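Student: One letter stands for each residue in the lines below.
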Amino acid sequence: MKVSHRWLAGMFPDGQVERLDAAELARGLTLLGLAVDEVRPALAGVEGVVLGKVLAAGPHPDADRLTLCTVTAGDGERQVVCGAPNVEVGAIYGYATPGARLPGDRVIERAEIRGVVSEGMLCSAPELGLDALGGAEGIWRVPGVDDSDLGRDLAEALEMDDRILDVDVPSNRADVLCHLGVAREVQWLAGARLARQDATVLESGAPAAGRVGVEVADAAGCARYLGRLIEGVTVGPSPAWMQIRLLALGMRPVNNVVDTTNYVMLECGQPLHAFDFDRLAGGRIEVRAAEEGEEFVTLDGKKRSLEAGMTLICDAERPVAIGGVMGGLDSEVGDATTTVFLEGAWFEPERIARTARALGLVSEASTRFARGVDPEVVEWAIDRAAALIVRTAGGTVAPGRVVAEPRPRPPRERIELRLERLAALVGRGIPAEEATAALTSLGFDVDVGTEGRLGATVPSWRFDVGLEVDLVEEVARLTGYDRVPLSPLPAPPVAPPRDPRQVGMDRAAAAARAAAFDEARTSSFVSADVLGGTYPVDRMVEIRNPISKAERFLRPFVFTPLSMAVAHNRRRGAGRVKLFEAGHAFVRSESGEVEERRVLALAASGRREPVHWSRDEEPVYDFWDLKGDVEDLVEGSTGFRPRFAPSDRAWLHPGRQAAVLDGEGREIGFCGEVHPRLSERWGLEGRLQVAELDLEPLVAELPPVVFVEFSREPEAERDLALVVPDGTPSAEVVAAIESDPPAHLAGIEVFDRYSGRQVPEGRYSLGVRLAFRAARTLTDEEIDRGIERLIARLQAERRWTLRGEEATGR
Amino acid sequence: MARIDELGDRLTALREEVRGRLADASTPEAVEEIRVQVLGKKGELTGEAKAIGGLPPEERPAAGQLVNRIKDAIEAEVEAAAGRAAESALAGRLAAEAVDVTLPGRRRGLGTRHPLTIVTDELLEIFRRMGFTVATGPEVEDAWHNFEALNIPEGHPAREEMDTIYLATGDRLLRTHTSPVQIRVMESGPPPVRVVVPGRVFRNDTPDASHSPCFHQIEGLWVDEGISMAHLKWALTEFVHQFYGPDVGVRFRPSYFQFTEPSAELDIECQVCRGAGCRACKRTGWMELLGCGMVHPAVLEAVDLDPERWTGFAWGMGVERIAMNKYGIPDIRLFFENDLRFLRPFAGR
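Going down the list, the protein sequences come from chains A and B.
Okay, so the first sequence: first residue is 438 according to our numbering, each after it adds one.
Okay, so the second sequence: first residue is 510 according to our numbering, each after it adds one.
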């Protein structure tokens, strides 16, 4: 809401507000809860331009297109050369005297033009920064001034030297969307009483009621509808001061009638509409609800299709306006208008909000109706506008208002404020007198209630106030938040422990960082084909009103946007990218429920390790690196070593992926190389490894650690190279050994894998290192005996042999 | 000349000669070679010792003593020479092994924390020390928790202003703020309630330098008997002083939120100009930091708490804005782009 400092000051006739400078006022309003975002000059700077009248005009002796003007600013005559084609003798213009400053840092000097001295310049509207008021092709005749104004400073005469405060009005304070509303708050700041403008109408002629009838059929949409008739008006530009004030407040001047309705709206918050009465058929107004699909051409010339429930203003034959939102093209006030029908109404806020939104017609008027207008201001507003129209456009006002009021006005509520409650919420005792003064300045009628209570009757414009706590807020903000003391919190003696899930996820994140993964935060939104069609769309969670049409799903996996971030970095030349993210992933279950999980995702591509001068080659981060990182991460945050099982996720490389399992064999996630077709789609050259782990349930409760006595004897080791058929998983080999282990076996580690000329076709060799340990020193013989038994068993059960022995074994 | 004297002369000469040879022997191998040549089974001194047998019996004891004395002396010198040679061999090896220590070390690489995590952790830690615990909640919410329970009824204009993102099917939505977690926490048990809530929130905003459809908030709630605005002012002033420094100016100015009343914005002294007024603070000297207020009675009633008995305060703040401010980050989209050149400078934080 833009507020004119001059306008506001004018509402306080004793000058208390004029004396407050705009910055001070801005600070005061901000501390009352009406934040002033900006204070700026109303219009671009104009200095040294006065009102001057052209007394005579004649041709320049040496130039066809120039006019030699004799100009007076009330103090003698001066010669000015003018290049405009529209000089009128007797007209008053903005006269830039030598030394004058115009917008754009332009300085006007005394100059000689084709041999003739020119004492300054006559200005066009754009030269004065008033582009909206006239074109650049001619000088601008200042409207609404006369000979008594000659010599007056133009900026002052037109009130251009105003300052505009941009007030951020809280959404509950519809009453502040006008100068009157801001002035009510200023009363408290300035310790002054505002004086309401006079709205007395001089009426003459036949009563309006005999000429026009008003009926409201749609009481749900329109609580009251008032009209006034003004005859004999001359439509034309409104006075310059009014145009300039509207312009500075962000509204475009139209003509004296329309400008006046807008002016009164900015003054008191009541939107008004002016019809050309001669175009209203039958001299009748009916307010009714629109029918679904009904069509109407609005002021802007567009044909609109209406919805049921929108409110229509109709004459005897057809709709003439969409109530509270926009008038119609046919009944608009124009140059030919002589009789004006002025409308002032109260429309249902929610309906106006819906209508304006549906039609895309959000305007100053519809915004005010939608947020709520003071139900008691309409009479004043319509009278004030009628009186102002007579002043700016002439004419006479027909006696009386025509009124239809199907709904009673809301009663003014009386709310009790307990001083004890006030003190308890604010944290300081506020005396009854202080609270009374604050509420009174805002327009509340305060009475002394029962013991310790104040009764406050709410003014009609404060329909946001309905509870005791609303009064608490009013008193607290007016008496100043800065006067509320600081009281330390009654803290618990011992702060409660952190949630173990959070502690655990922090541990997991630390483990990921220790494995050189950088933390990322990626978008929650993905496209339907993010996984290249390998994931069913009906299992993804769709958004009704997405930011971008493409990305209208919630990420079913965090690794997908994370992979994009990896690709982004790779494309920008990063040689080694490892990213992780702990975030929410969303899928729809088969029954349609949204399942939301907090997961930890990894994505990595590029070199395995940072570049180092000592290495001849730079191995690429591959599945084994990923699997190792996953093992470290899971064990580092849950204490158990994960297991892995083959899996068949369509978005992963069919031969390089695994399900990650917990100690009990439950799936906790997956890891693998992204399917090359998919990583290519994501703009990534080379291999991409990803993992996604559902860690949160696991990190919260770790199994207890119990000390187990261990042997202090050194371990004995034996390496075996077992030749097994291709396709035998190493885990199967290990499991086969463990199923009936040799005595004192303490551990098995796979250390080598070989296939090639030294083993037969269709077989490969797996090197396993067996560790033996006991409470005493083991002899070579007993270990060897156990191994011999093992080899014999594997040979018998599985037909596995030792490498180098297969030739003789066959 | 007695034969024993001849022997003595020879042995002295041998000793001198060996001493000279040892002085030239620079490697342990050369010293060992000399030892074998002199003291070995076929060595020079061993030969002399054998020759004692050819002496007259009366000279033999003295000759034996002489040989032993010389042998001890030579042995001592061989040992010393061996020590010297080993020393110099080691020194030589170490010298040969010297490296250019300015060449890069073999690093594994560091993983960095995301700046939003750094700031979130820092903020949460301050509130934890003040007795708050951390609570979290779902990002997909229902209208009850996100709106109704927070005193934003159906059709209220505040719902429009929130630019809510809705799911295509059902009536669920992406939470527009972390406040629904307030409701969830109060539903889960009786006061006192003291929680801080970090989390991701969503608005249907077109991304630009200061808007992102997902961003992060930290919300706080303290409900107990006898809580007033004075407690709110203390807690949040204390927080500002902990995070920004004890001298930073703070002001509370009235504001409006559906779920608090009285409501306030907390402004801090502009961190760019220190309150003098600059472009960043629109010449006001103040920067908006967070919104706060006393929990609205309707919110307490929504979770069946009697507002006559229980009162409390709540606040909410945007993590991105605080982080942008703290690190001088000009564009909110940088947080979600995850360019390593953006992330890496946060190593070790």
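Source of the hints: derived by calculation from the structure; they are not laboratory data.
Quantities reported herein were computed from a predicted structural model and do not represent experimental measurements.
Yeah, the Cβ is synthetic: ideal placement off N, Cα and C, and Gly gets one too.
It cannot be assumed that every hint is accurate.
In silico SDA-like pairs for lysine to any residue, Cα to Cα no more than 20 Å straight-line [said to hold, decoys possible]: (1) A:Lys439 / A:Lys739; (2) A:Lys1064 / B:Gly618; (3) B:Lys559 / B:Leu619; (4) A:Lys439 / A:Ala494; (5) B:Lys550 / B:Gly563; (6) B:Lys580 / B:Arg637; (7) B:Lys580 / B:Thr611; (8) B:Lys550 / B:Glu586; (9) A:Lys986 / A:Gly1010; (10) A:Lys986 / B:Asn713; (11) B:Lys559 / B:Val545; (12) B:Lys580 / B:Thr678; (13) B:Lys791 / A:Glu461; (14) A:Lys1064 / A:Gly970; (15) B:Lys580 / B:Gly517; (16) A:Lys439 / B:Arg792; (17) B:Lys791 / B:Arg712; (18) A:Lys1064 / B:Arg617; (19) B:Lys559 / B:Gly529; (20) A:Lys739 / A:Gly687; (21) B:Lys791 / A:Leu684; (22) B:Lys580 / B:Pro613; (23) A:Lys986 / B:Thr678; (24) A:Lys1064 / B:Gly563; (25) B:Lys551 / B:Ser597; (26) A:Lys1064 / A:Gly1092; (27) A:Lys986 / B:Arg528; (28) A:Lys986 / B:Glu515; (29) A:Lys986 / B:Arg617; (30) A:Lys739 / A:Leu684; (31) B:Lys559 / B:Arg617; (32) A:Lys986 / B:Lys550; (33) A:Lys439 / A:Arg791.
Distance windows between CB atoms, simulated [what the hints assert, rightly or not]: (34) B:Tyr836 / A:Leu923: 25 to 35 Å; (35) A:Arg1052 / B:Asp581: 47 to 57 Å; (36) A:Ala548 / B:Tyr836: 23 to 33 Å; (37) A:Val734 / B:Ser697: 15 to 25 Å; (38) A:Val840 / B:Ser697: 32 to 42 Å.
Student: For a C-alpha distance cap of 20 Å, please report whether Lys580 (chain B) and Arg637 (chain B) respect it.
Tutor: violated, 82 Å
Student: When you check the alpha-carbon spacing of Lys580 (chain B) and Gly517 (chain B), does it fall within 20 Å?
Tutor: It holds: about 12 Å lies between the C-alpha atoms, which stays within 20 Å.
Student: Is the straight-line distance between the alpha-carbon of Lys550 (chain B) and that of Glu586 (chain B) 20 Å or less?
Tutor: With Cα atoms ~18 Å apart, Lys550 (chain B) and Glu586 (chain B) stay inside 20 Å; holds.
Student: Going straight from one Cα to the other, do Lys550 (chain B) and Gly563 (chain B) come out at no more than 20 Å?
Tutor: Holds: Lys550 (chain B) and Gly563 (chain B) sit about 18 Å apart, inside 20 Å.
Student: What's the verdict on Lys559 (chain B) and Gly529 (chain B), does the C-alpha distance respect the 20 Å limit or exceed it?
Tutor: violated, 24 Å
Student: Given the hint that Lys439 (chain A) pairs with Arg792 (chain B), test it: the Cα-Cα distance must not exceed 20 Å.
Tutor: holds, 18 Å
Student: Do the alpha carbons of Lys439 (chain A) and Arg791 (chain A) lie within 20 Å of each other, as the hint requires?
Tutor: violated, 25 Å
Student: 47 to 57 Å was suggested as the range; check whether the CB atoms of Arg1052 (chain A) and Asp581 (chain B) agree with it.
Tutor: holds, 56 Å
Student: For the pair we were handed, Lys580 (chain B) and Pro613 (chain B), check the Cα-Cα distance against 20 Å.
Tutor: Not OK: Lys580 (chain B) and Pro613 (chain B) at ~55 Å, beyond 20 Å, violated.
Student: Are Lys986 (chain A) and Lys550 (chain B) close enough, with their CA atoms no more than 20 Å apart?
Tutor: violated, 98 Å
Student: For a C-alpha distance cap of 20 Å, please report whether Lys791 (chain B) and Glu461 (chain A) respect it.
Tutor: holds, 15 Å
Student: Holds or violated: Lys1064 (chain A) with Arg617 (chain B), Cα cutoff 20 Å?
Tutor: holds, 17 Å
When the structure is compared with the earlier hints, violations turn up for hints 1, 3, 4, 6, 7, 9, 12, 14, 17, 19, 20, 21, 22, 24, 25, 27, 28, 29, 30, 31, 32, 33, 36, 37, 38 and for no others.
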